[in-house]
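**Q** From first to last, the protein sequence lines are chains A and B. Numbered by our numbering, the letters in the first sequence go through residues 34 to 184 in order. Numbered by our numbering, the letters in the second sequence go through residues 34 to 184 in order.
Any given hint might turn out to be false.
You can't tell identical chains apart in this list, so a pair holds if it fits in one copy or across any two.
Unchecked claim - Below, simulated DSS-like cross-link-like pairs (lysine-lysine); rule was C-alpha separation at most 30 Å, straight line:
| id | residue 1 | residue 2 |
| --- | --- | --- |
| 1 | K127 | K88 |
| 2 | K150 | K88 |
| 3 | K127 | K176 |
| 4 | K176 | K88 |
Honestly, the hints are just simulated from the structure, not real lab data. Quick caveat, the model's predicted, so the values are computed rather than measured.
The primary structure of each chain is shown beneath.
Protein chains: 2
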Amino acid sequence: MSELDQLYLDDLDVGQRFTSGSYVMEAARIKEFAAEFDPQPFHLEEAAAEVSIFKGLAASGWHTAAVAMRLLVNGGLPFANGIVGLGGEIAWPKPTRPGDTLHVESEIVEITPSRSKPQQGIVTVRSTMLNQSAEPVYLLTAKLLVLRRPM
Amino acid sequence: MSELDQLYLDDLDVGQRFTSGSYVMEAARIKEFAAEFDPQPFHLEEAAAEVSIFKGLAASGWHTAAVAMRLLVNGGLPFANGIVGLGGEIAWPKPTRPGDTLHVESEIVEITPSRSKPQQGIVTVRSTMLNQSAEPVYLLTAKLLVLRRPM
């Protein structure tokens, strides 16, 4: 994506939509991520996962969240100053599985210019990660710090 | 932690508190995580980070969130069926930095037994990750699926 496509606060409107590229979850990476950050049996090993509440190997929700961020940063949300989140709401309506092909669709739902800092604002973005069957697997509504175009 | 310390829904009360072990953020891992999941200059390289909004290298918020999960899974929240999150709210009031020593303090804020599934309930847990100066760097209020003690 060229610099011309990078968006500032001035360029954004409520209702504007963005679609990311895609990412394939791999079993080996699911297990490695879990071993480091979320070492629970249903994220680590197929046999244990089969008899768990997930009924099969499932990625850590935090792995899914991290992959969503990768997709947003790599063109899924082309903000000129990057993607700087203050916080938000998350949900995992379904697990992500080995072999899933994931992408993220985002929509701007609110734009609040800062009163005290005229060069910036808070933009609320609702992102939905979908699998290859168009099932939502991860929802993120994030408040992002976005800068105005430099004078 | 022995199996005797593992808690079921029956063992939990609103106001109950838990404290995790600690974890030191390292610059090399901050950069590696960012290269894979959040490749933005302020997470990747000191010089670029110095002139960014973060004024120095900062971990990806998703790296911070993943480390919090590690601390919760490794004894910070000793639920017998593991830590299975449905979703929640997150915030990053301050960045985490190389060398920060982090731990998580959690409190049970709500317990809602399931009406349709008597063997489980939803427990809302408010977790705060603090750095070595007792500054909150990450807040997570999560809805977790917790099972009753088997008969």
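**Q** A separate judgement is required for each hint: does it hold in the structure or not?
**A** Status of the hints after comparison with the structure:
Within a single copy, K127 and K88 get their C-alpha atoms as close as 12 Å, which meets the 30 Å cut-off; across copies the closest is 37 Å, which misses it. With identical chains, the CA atoms of K150 and K88 are at most 30 Å apart between copies only, with a shortest distance of 18 Å across copies and 50 Å within one. In this assembly of identical chains, K127 and K176 lie within 30 Å of each other by CA distance both inside one copy and across copies; the values are 23 Å within and 15 Å between. Within a single copy, K176 and K88 get their C-alpha atoms only as close as 34 Å, which misses the 30 Å cut-off; across copies the closest is 20 Å, which meets it.
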